[in-house]
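Enquirer: Listed here are the chains, written in short residue letters.
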Amino acid sequence: MRVEEILSKKINALGRRYRAIHAGRTVLIFLCYGLAFYLAFLIVDKFLHFSLNLPVLFLAVCAVSAIAGLIVARMNRMLPFDICSRVDQKLELKEKITTAWQYKDESKSNEFVPLLLKDALISLEDVKKGEVFPHIWLKGTKYLASLLVGISILSFSGYFYPLFERGLLSGEKKFLSRLTDRFGKKEREEIEKAEKLATRMRKLREDFYQSKLKREEDKKYTLSPDKSTQNFEVDRDELSEKLEGFSRGGSREGFSRLNNRAGYLPQSYMREGGEDPALPDTGQQSEAMRKMMGGKRGKSGENFFDSEGREGLIETGRKGEQSGFEKEEQSSARREGTGEKRNGEDEHQNQRAFTPASGKKKGENVISGEEKRGYASSGEESKDSSSEDNLVKGRSPRPGQGSSLDTQRTEQLKLDEEGDLIKLRGQFDRGSFLDSFSNSISSSQESPKSSIKENFLSYRRFILNKLAGERIPSFYREQVKKYFSSLEPE
Amino acid sequence: MPDVKRIEESQQKIQEIVQEVRKVIVGQEKVIEGVVNAILCNGHVLLEGLPGLGKTLLVKSLSQILDLKYSRIQFTPDLMPADIIGTNVIMEGEDGRRYFKFQEGPVFAQIVLADEINRATPKTQSALLEAMQEQKVTVAGVTHSLRLPFFVLATQNPIEMEGTYPLPEAQVDRFFFKLNIGYPDSSELREIVNRTTVKELPVPGKIISEEQLRRIQLLIRKIPVASHVVEYASRMVLATQPQSPLATEKIKQYVRYGSSPRGVQTLIAAAKVRAFRKGRFNVGFEDVREVALPSLRHRILLNFEGEAEEVNVDALINDIVNSISPEM
Chain A
1 MRVEEILSKK INALGRRYRA IHAGRTVLIF LCYGLAFYLA FLIVDKFLHF SLNLPVLFLA
61 VCAVSAIAGL IVARMNRMLP FDICSRVDQK LELKEKITTA WQYKDESKSN EFVPLLLKDA
121 LISLEDVKKG EVFPHIWLKG TKYLASLLVG ISILSFSGYF YPLFERGLLS GEKKFLSRLT
181 DRFGKKEREE IEKAEKLATR MRKLREDFYQ SKLKREEDKK YTLSPDKSTQ NFEVDRDELS
241 EKLEGFSRGG SREGFSRLNN RAGYLPQSYM REGGEDPALP DTGQQSEAMR KMMGGKRGKS
301 GENFFDSEGR EGLIETGRKG EQSGFEKEEQ SSARREGTGE KRNGEDEHQN QRAFTPASGK
361 KKGENVISGE EKRGYASSGE ESKDSSSEDN LVKGRSPRPG QGSSLDTQRT EQLKLDEEGD
421 LIKLRGQFDR GSFLDSFSNS ISSSQESPKS SIKENFLSYR RFILNKLAGE RIPSFYREQV
481 KKYFSSLEPE
Chain B
1001 MPDVKRIEES QQKIQEIVQE VRKVIVGQEK VIEGVVNAIL CNGHVLLEGL PGLGKTLLVK
1061 SLSQILDLKY SRIQFTPDLM PADIIGTNVI MEGEDGRRYF KFQEGPVFAQ IVLADEINRA
1121 TPKTQSALLE AMQEQKVTVA GVTHSLRLPF FVLATQNPIE MEGTYPLPEA QVDRFFFKLN
1181 IGYPDSSELR EIVNRTTVKE LPVPGKIISE EQLRRIQLLI RKIPVASHVV EYASRMVLAT
1241 QPQSPLATEK IKQYVRYGSS PRGVQTLIAA AKVRAFRKGR FNVGFEDVRE VALPSLRHRI
1301 LLNFEGEAEE VNVDALINDI VNSISPEM
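In order, the protein sequences belong to chains A and B.
For the record, in the first sequence the residue sitting at position 41 is 41 according to our numbering, with numbers rising by one throughout.
Position in the second sequence (from 1) plus 1000 gives the number in our numbering.
This list has only true hints and no planted wrong ones.
BS3-like, lysine-lysine: derived pairs with alpha carbons at most 27 Å apart:
| id | chain 1 | residue 1 | chain 2 | residue 2 |
| --- | --- | --- | --- | --- |
| 1 | B | K1278 | A | K108 |
| 2 | B | K1005 | A | K94 |
| 3 | B | K1013 | A | K108 |
| 4 | A | K128 | A | K9 |
| 5 | A | K10 | A | K129 |
| 6 | A | K94 | B | K1030 |
| 7 | A | K104 | B | K1222 |
| 8 | A | K108 | B | K1222 |
| 9 | A | K118 | B | K1278 |
| 10 | B | K1278 | A | K104 |
| 11 | A | K118 | B | K1013 |
| 12 | B | K1013 | B | K1278 |
| 13 | B | K1013 | A | K94 |
| 14 | B | K1005 | A | K104 |
Rough simulated footprint, nothing fancy, chain A against chain B, three-plus residues with beta-carbon under 8 Å:
| id | stretch |
| --- | --- |
| 15 | 1221 to 1230 |
| 16 | 1280 to 1291 |
What the hints contain is simulated information worked out from the structure, not anything from laboratory work.
By construction, the Cβ of each residue, glycine as well, lies at the ideal position given by its N, Cα and C atoms.
Isolated chain B (complex conformation) (with noise of 0.2 Å):
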C-alpha cells in the first residue's frame, strides 16, 4: 500500500473512532479528544471529574470501538492489589492433586477501567504500576505479561472530596493524560436526557481492529518532528522544575515537583498524534502547546503553599506555555 494511502486511511480510522465514541458520549470533546490521542500513543489517561459526568461509559464504548478486551476495577478502601492483578489459588487437579493456579485479576484486560481509582488505599493503587509501565505483572515471582494493546483508563473523583487517597507520584506520572471531565452544558444535557430517557442506548461498534490499531501507534511515532520543536518541548518541561532558570515565579513559588522526562516524551507523542490528526506530517510548536494541559498537569505537585492557595495547575502550565518563547 502506497504509504500516502495508508496514512490517509489511519487518518480515516481515527476521525472514525472518534465519531463513533460521540454517538455515545455527548460533548466532552476534549476529554474524548485526549482519550483517542492517548490510545493512539498507547498512553494510560487518569480522568478526573465528578461522578455521573461519563467516565465509565466513554471507556466502556472505546472498548467497543476498538474491539479490546475490557474489564472495570471498582476501587474502594478495602480493594486488595491481589483484587487487581490475581492471585495464585489452590487447585485441585483430576487426579486430586492440589496445585496452585495463578487466576488472573481484572488488570488482564486490553482497556482496564480503574473507577475511582484514588478510592483505593496507596497500596493497591500501586498495584498498577508494573502493569501500567511494563505492561508485565508478577505474582509470587512469576511474571505474566498482558496483552497488548493495553489501556488504562482511571478515573478518580476529586481528591478533596472525603475517602480519597491521592495517587503516589510515582502512579501518576504513569499516565499519558490527565483529562479533567467538566459539567455538561444544558444543551449537552438535553441531549443526554434525549439519547437514554427516548431512545435507547447507541451501541458502539468497532471501528478499528487491534493490528489495525498497533499500525496506526507505530505509523504515528515516525512523525518528524524538527529539533527546535524537540528543544522547545524540553524547555517547557523544565520550566516546570522550581529550580530551572526558566521557571517562573509561579512555579518557584507554588510547585514542590515538576515534570518528570516523561512529560517530554507525553508532550512529543502527543504533538505527533494531534499533528497527524490534523494532516500534517510534521509536529509544529503549535502541537506541542495544545497537548501540553493534559500532559503535564498531574506531573506537577504542588507544595504547601500551593494546596493551601488552592493554586490552579492548569494556570500554572499557561503560564509556562505564554513564558517560553519557540525562539531559541
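In isolation and in its complexed conformation, chain A is listed as follows (with noise of 0.2 Å):
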C-alpha cells in the first residue's frame, strides 16, 4: 500500500472519531438548550395551563434538539484537511500532517513531500485515537445535561407510574383479578344459597304458623251453636268495638289487649257452649244469631243489624271495654291537633255508619268497587271468606255507596246492608305497608260462612304475607312481624 494512501485511512479514520465526538457534543448541547426550553415550558404552563401531554412534550424537545444537534453537526462538519490540522494542533507536529495531506499527490515532482509523507506516517504510527480526540466533556455539559434530564423525568413521574405498574405489577395484578373474581364467584354462590335458604326458611316459617294457627283454630273455636253463637255475636260486637276504637289511633297495647281478648273468646265460648265446641252447623249458628238479633234478620235487603241493635252492641263495647287504650288514642288524637280533629270526624262518621241512616249515608263509608280491587291486586287475601270474594272481584258496590272518607289513616269497622261485619283497613306508620282486612257474614238468611276468629285469623295470615312481600327496612320488618306473631291466641 502506498505511503499516501495509508496516510489518508489513518486520516479517514480519525475523521470518523472525531465527527461523533462533534456530533455527540453539538446534540448535548442541543439537548440542553431542548430541555432548558421544556422546563421554561413547565413554568409557563403552570399559570396558562396548557393541558399538553408532557411525556409527548418532553419526548418531542429530545427528537427536536437531537435532530437539530446532528443536522448542526452535518454543516459545521470537518473535512479531512481540518482534520489533519486539528492533528497537528493535538499533538504539535507543526503542521506536517496538514502539509503531507495537502501535498501527497506531488510527491513525484517535490523531492520533499515523499519524506514528508513518511515523516508524517511515522508521526501518526503509534498515535491512537482516543488520544487525538479523547471523549472530553465540554465544562459542565454533562451535569447540566444530567440535571435537566433528572427534573423533566420527575416532572411527569405520574405519567411513568402507570407504565412502571404496568410493566412490574402487570404479573400480580392479574393474580389479585383472578384472586378477586374466584371470591366474587364464591360470594355469588354463596348468595343465591342463603338466598334459597332464606327463602325455604320464610317458606316453612309461614306454612309452620298457618299450620299452627289451623290446629288452634280448629281445636279452639268449634263451638256449640246457641250459646257460642250469642256469645260470639256479644263479643264480636264488643271486638268490633274495640277495632273502631283502635281504628281511630289504638295504640300497640291497646290492640295487643284487645287481640289477648279475642283469643280469650274461644274459651269462654267452650265453656258456655258445652262439651262439644267443634259444632260445625252453622244453621243452627244462624239460628241462633238470628234469634240474638230479634228476628230481625233473614229479610232480604236488611241490615243484619238494625240501629237499636248496633247501638245496643256500641253500647256495650264502651261499658264493657273501658280499657285504657281508647282514653289513650283519644287524648292523644286531641294531640295530633287537626288530623286528629279529622280522625274524630270519621269517627263521627263511623258512628253514623252504625246509625240506620239511608243507603247514601252509609255508602260514604263504604269502599268502593274500585277501591276493592285495588286492595285485591296490593296483595294475597283470604279466599275463605266472601266478603274478601267481593272485594276482590269489586262485587261490593252497590248503589249510593261512594269512597271512604279518611281511608288513609284509619281501622273501621263496617256494616254494610248485606251484614258485612267487619271491614277492616289499617295503614301502619308512613310505610307502604297498607292492608285490608274484611270479614263478612252472609247477609242473606244463609248462615255466615266464617267465624269472626277465622277472620281474625286469616288477617293475620294476610298481614304475615303481606310483609313477607313488602320492601320495608329489615328492623322494622322483624319488629312488625313480632308484633303480628304475638297476636296468637292464648
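Mind docking these for me? Both chains are given alone in their own frames, and the hints should help you get the complex.
Expert: What follows is the structure in C-alpha cells.
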C-alpha cells in the first residue's frame, strides 16, 4: 500500500471518530437548550395551563434537539484537511500532517513530499485515536444535561408510574384479579344459596304458622251453635268496638290487649257452649244469631243489625271495654291537632254509619269496588271469606255507595246492608304497609260462612304474607312481624 | 544523489557556515542566523546598530565563508550614485582614439557591504534600488547584470543620530531582513577581547561554493508550505495595514503604512529556511512567527504619533503575532 493511501486511511479513521464526538457534543448542547426550553415551558404551563401531554412534549423536545444537533453537526462537519490540522494541533506536529495531506499527490514533482509523507506516517504510527480526539465533556455540560433530564423526568413521574406499574406489577395485578374473580364467584354462589335457604325458611315458617294457626283454630273454636253464637255475637260486637277504637289510632298495647281478649273468646265460648266445641252446623249458628238479633235478620235487603242493635252493641262495647287504650287513643288524637280532628270526624262518621241512615249516608264509609279491586291487587287475601271475594271481584259496590272518607290512616269496622260485619283497613306508620281486612257474614238468611276468629286469623295470615312481600327495612320488618306474631291467641 | 542525502548535506553546509561565522563573531546569534537565512533566500539584509558592533566584520567573514566577491561601500553624505554603480569614463586606446568605458562600481560584487547606508543622501541610496531588486545596473542606457548570487548587507546607524538620512520606503522594502544588532554582554565582550587582543584574528574559511549555495537556495524554495500556513502569513501581513480589519488598535493608531506584499514573500521564504535548518520538510506556524520580526519590522512605517511616542515597531509586530490565530 502506498504511503499516501495509508495516510488517507489513518486520516479518515481519525475523521470518523472526530465527527462522532463532535456530533455527540453538538447533540448534547442542543439537548441542554431543548430541556431548558422544556423546563421554561413547564413553568409557563403552571400559569397558562396549556394542558399538553408532558411525556410527549418531552420526547418531542428531545427528538427535535437531537435532530437539530445532528443537522448542525453535519453542517459544521470537518473536512479531512481540517482533521489533519486538528491532529497537528493536538500532537504539536507543526503542520506536518496537514502539509503532507495537502501535498500527498505531488510526490514526484517535489523531492520533499515523500520525505514529508514518511515523516507524517511515522508521527501517526503510534498515535491512538483516543489521544487525538478524547471524549472530553464540555465544562459542566454533562452535569447540566443530567440535571435537566432528571428534572424533566421528575416533572412527569406521574405519567411513568402507570407504565412502571404495568411493567412490573402486571403479574401481581393479574393474580389479584383472578383472586377477586374467584372470591366473587364463591360469594355469588353463597348468596344464591343463602337466598334459597332464606326463601325456603320463610316458606317453612309460614307453613308452620299457618298449620299451627289452623290447628289452634280447629281446636279452640269449635263451639256449640246456640251459646257460642250468642256469645260470639256479643263478643264480636265488642271486638268490633275495640277495633273501631283502635282504628281511631289505637296503640299497640290496646291492640294487643284486644288480641288477648279475642284469643280469650274461644275459651269462654268453650265454657259456655258445652262439651262439644266443634259444632259445624252453621245453620244452628245462624238460627241462634237470628234469635239474638231479634228475628230481624233474614229479610232480604235488611241490615244484619238494626239501629237499635248496633247502638246497643256499641254501647255494650263501650261499657264492656273501658280499657285505657281507648282513652289513650282519644287523648293522642286530641294531641294530633287537625289530623286528629279529622279522625274525630271519621269517628263521628263511623258512629253515624252504625245508625240506620239512608243508603247514601252509609255508602260514604263503604269502600268502593275500585278500591276493593285495588286492595285485591295489592296483596294476597284469604279466599275463605265471601266478603273478601266481594272485595277481590269488586262485587261489593252498591247503589249510593261512595268512597270512604279518610281511609288513609284509619282502621274501621263497617257493617253494610248485606251484613258485612267487618271491614278492617289499616295503615301503620308512613310506609307502604297498607292492608285491608274484611270479614263478612252472609247478609242473607244463610248462616255466616266464617267466624270472627277465622277472619281474625286470616287477617293475621294476610298481614304476615303481606309483610313477607313488602320492601321495608329489616329492623322494622322484624318488629312488625314480632308484633303480628304476638297476636296469636293464648 | 538521493534527495535525502542532498538535503542532509545542505543542512550540514548551512550549519557549517553558521559555525564558521561564529568563529569570528562573538555572540549575536540571531544576527548570524538572520544573515545566513537571508543569504539562503537570496535576500538583502539591513543591519542596524551602533558602530563597532561587528557589522562589517560579519559581512566580510560571510564573504570569505561563502567564497563570494566582496565589496564595501562606505556611505557618506557626499557619496554619489556613480560612486556605487560605476560610471563611464573616457579611455584612450592604443591608437589614440578615445572611447567611453564603463567603470564598474562597488556594487558589482556578490556581497556588498553598504556601511552606514543612511549617511548618504537618498539619491545615492537609491542607486542601489535596481541592483538590489533586479540584480542589474543601468548606466548611460546600458544595463549591466550583476553576478549572482548578489547580496547587499547594509548597515545603518540608528536614524535619530545626526547626519543620517532615512532610507526611502521603496529601498527599505527591498531588504529581506532588518536585523538589529544589540550590545554584547560582558561574557561576549570578554570573548571579543580574547579573540582580538590575545590571539590572532581567526580567518574564516571557505565552506561552500557559489554553486552549492545556489543549489541550496533552490532546494529550500521547494519546501512545502500548507495553504493555511500561507493564509496565516497573509493575515499577519494584512494586520500591519492600519485600514485592515485584522489590524490591532495599536497598528491603527501608530502606523502609517503597513507591509507590502514583499512581506508575505519574506515571511514564507524565511519560514522555509528556518524549517529546513530545523530538519523539517514543511513550514509551520511557528516558523512564520519566528521570522515575523526581521521580516516585517522595516516594512512598517510609523505615523507622526508613533514617531512622537517612540513606539517600538517590534512591539507592534508582537501584538500582531499574538492577535492573529492560526485557526481560520
